[in-house]
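**Q** Each chain, letter by letter, is given below.
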Amino acid sequence: MSVRTAVNGFFFEPVPLGRVAAMRFLAGLYVWIEWWAYMPFIFGHRFVPGELYQPLFIGRVLPLPTPDYWLVTGTLVVMLAAATPMMFGYRPKLFGWILFAAYFEWMVIANSYGKVDHASFGFMTLLLVLCMMPSHAKWGDREHRSERVGWGFKLVQLAVVCTYFLSAWAKFRYGGFDWANSGVFTWAIIRRGTVFSNWLLDFPGLLHAAQWGMIAFELLTPVVLLVYRWKRVQYAIVAFLYCFHVAVFASLGISFLPHLVAMACFLPLERIDPREIARKTKARFTRRDTGHTEREPEPQFESGA
Amino acid sequence: MRVSITMVVLALVTATTFWGADDFFPFAPFKMYSFSKELDGWAGSTRVEAVNEEGERFSLTERITGFRRAELEGQKGRFIDDPELLRFIAEAYENTNPEKPEIVTVEIIERRYRLEDGHQTGEVIEVVEATWTREDDA
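Going down the list, the protein sequences come from chains A and B. Anchor point for the first sequence: position 251 equals 251 in this note's numbering, and the numbering is continuous, going up by one each time. Anchor point for the second sequence: position 98 equals 98 in this note's numbering, and the numbering is continuous, going up by one each time.
In case anyone wonders, no lab produced these hints; they're calculated from the structure. Only a predicted model underlies this, so the values are computations on that prediction, with no experimental measurement involved. For every residue, glycine included, the Cβ atom is placed at its ideal position computed from N, Cα and C. Among the hints, a few may not be true.
Claimed, not checked - Covered stretches of chain A, going by a simulated chain B footprint (3 or more residues, C-beta under 8 Å):
hint : region
1    : 31-45
2    : 128-134
3    : 148-159
To be verified - Beta-carbon label-pair distances, calculated as ranges:
hint : chain 1 : residue 1 : chain 2 : residue 2 : range
4    : A       : Phe196    : B       : Ala15     : 47 to 53 Å
5    : A       : Phe196    : B       : Glu135    : 45 to 51 Å
6    : B       : Pro101    : A       : Arg275    : 52 to 58 Å
7    : B       : Val8      : A       : Trp199    : 45 to 51 Å
8    : B       : Glu99     : A       : Phe10     : 54 to 60 Å
9    : B       : Val8      : A       : Arg191    : 33 to 39 Å
Kindly produce the complete structure, drawing on both the sequences and the hints.
**A** Laid out in structure tokens, this is it:
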């Protein structure tokens with residue numbers, strides 16, 4: 001197998017259209033949840049005086065106005081108005097582009113006051129590639145496969161992996177190679193500890209080991225891309241990553257939610273068909289007397305055909 | 001073509017990991033918790049407190065100002081150089097809560113925990129790093 005076929009096989013692995021419909025829904029759902037539940041401070045920025053706005057490079061190059069009450073509110077309204085048709089597959093490309101533009105401005109509003117978050121790189125990539133995917137993607141479509149979809153989701157997967165892999169390098173850059181030997185987790189727990197993590201402060205050795213484990217796993221994350229032919233292995237690694245985020249959420253209350261949404265494109269979401277599920281549920285209730293119960297298969301852990 | 005686009009994006013995000021800064025968002029170093037912290041030293045935790053017209057003291061949290069602690073820390077140097085800027089945090093609070101009594105004083109306070117070999121020694125100090133008080137004629 002030549003390098004060229006290997007590269008093409010990697011980037012253009014055909015992916016069923018059903019996954020596009022599922023990811024559009026998840027992306028829109030996240031946008032609907034983010035502004036009031038996950039990052040309410042972004043909407044809160046409408047009350048923050050412009051003097052505290054610290055424009056980023058992009059905000060200085062593009063003529064982006066200083067956020068005020070109406071800009072923040074307007075961006076939110078446009079974002080939600082575009083997310084709704086997009087998530088149900090109505091003119092998903094048109095509304096996808098509007099959503100992408102509005103979300104980008106939303107992120108500028110979020111990140112221009114002295115703190116830049118790094119959880120949304122994969123999610124912004126997802127919003128962008130969804131604009132370029134076929135409009136006719138339907139839930140549960142496992143028949144029609146597309147190389148373009150495969151390429152788009154591969155980009156998102158790369159972005160997700162970069163978020164881990166490059167963050168290890170950022171630790172070396174800012175924290176030095178001794179990062180893993182420092183007290184960074186102790187500091188993090190003092191600042192944002194929870195009942196699940198405060199006890200760890202008494203065991204600095206354990207935190208020290210966890211820091212080494214974290215560096216090791218971040219540097220190893222590219223493996224999840226390389227094993228794309230072995231779906232069971234890939235899903236197991238993705239499951240591990242989700243567990244990692246559950247643990248971080250329990251101990252620090254940080255959840256990287258947009259990143260988790262983007263990461264879902266690793267999973268065979270085309271197996272989910274809401275209409276099918278509704279029909280089966282109905283059938284189960286009507287046939288209850290036979291005592292026969294059908295269970296939905298756990299989609300994450302089935303091997304890809 | 002599509003492979004090239006991918007490579008360019010990858011190159012950008014990789015390059016900014018090593019040479020860029022947060023300023024280049026969305027291509028920025030993924031530096032969450034990337035700083036080393038001394039095992040022997042002080043671990044700091046910053047907060048903003050306010051005193052209103054009625055003399056009540058309370059924390060200016062993200063929920064009531066729309067301004068995050070991390071944002072405060074990101075701009076802390078500015079606030080220390082020019083404590084006058086703290087009045088904008090008071091403004092953010094008053095915009096968010098127009099019916100509440102106005103703020104007369106804003107303080108940035110850092111609580112520092114002494115660490116030795118990664119253990120908390122129990123020694124804690126609080127330092128007021130910047131203060132702003134409303135002038136009466138304002």
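**Q** Quick one: are glutamate 99 of chain B and phenylalanine 10 of chain A within 54 to 60 Å, going by C-beta?
**A** holds, 59 Å
**Q** Can you tell me if the region 31-45 of chain A counts as covered by chain B, using C-beta to C-beta distances under 8 Å and a minimum of three residues?
**A** That given contact holds, which follows from 5 residues of the region 31-45 of chain A lying within Cβ reach (below 8 Å) of chain B.
**Q** For the range 45 to 51 Å, tell me whether the beta carbons of phenylalanine 196 of chain A and glutamate 135 of chain B fit it or not.
**A** holds, 46 Å
**Q** Has the hinted range 47 to 53 Å been met by the Cβ atoms of phenylalanine 196 of chain A and alanine 15 of chain B?
**A** violated, 37 Å
**Q** Within 52 to 58 Å or not, the Cβ separation of proline 101 of chain B and arginine 275 of chain A?
**A** Since the Cβ atoms of proline 101 of chain B and arginine 275 of chain A sit about 56 Å apart, the hinted range of 52 to 58 Å holds.
**Q** In terms of beta carbon proximity below 8 Å, does the region 148-159 of chain A have 3 or more residues touching chain B?
**A** Per the Cβ count (5), the hint holds.
**Q** Taking the Cβ atom of valine 8 of chain B and the Cβ atom of arginine 191 of chain A, is their distance within the range 33 to 39 Å?
**A** holds, 37 Å
**Q** Holds or violated: 45 to 51 Å for the Cβ distance of valine 8 of chain B and tryptophan 199 of chain A?
**A** holds, 47 Å
**Q** Within the region 128-134 of chain A, is the number of residues with a Cβ closer than 8 Å to a Cβ of chain B three or more?
**A** Since three or more residues must qualify, the claim that chain B covers the region 128-134 of chain A is violated, with 0 doing so at under 8 Å.
In summary, the numbered hints that this structure violates are 2 and 4.
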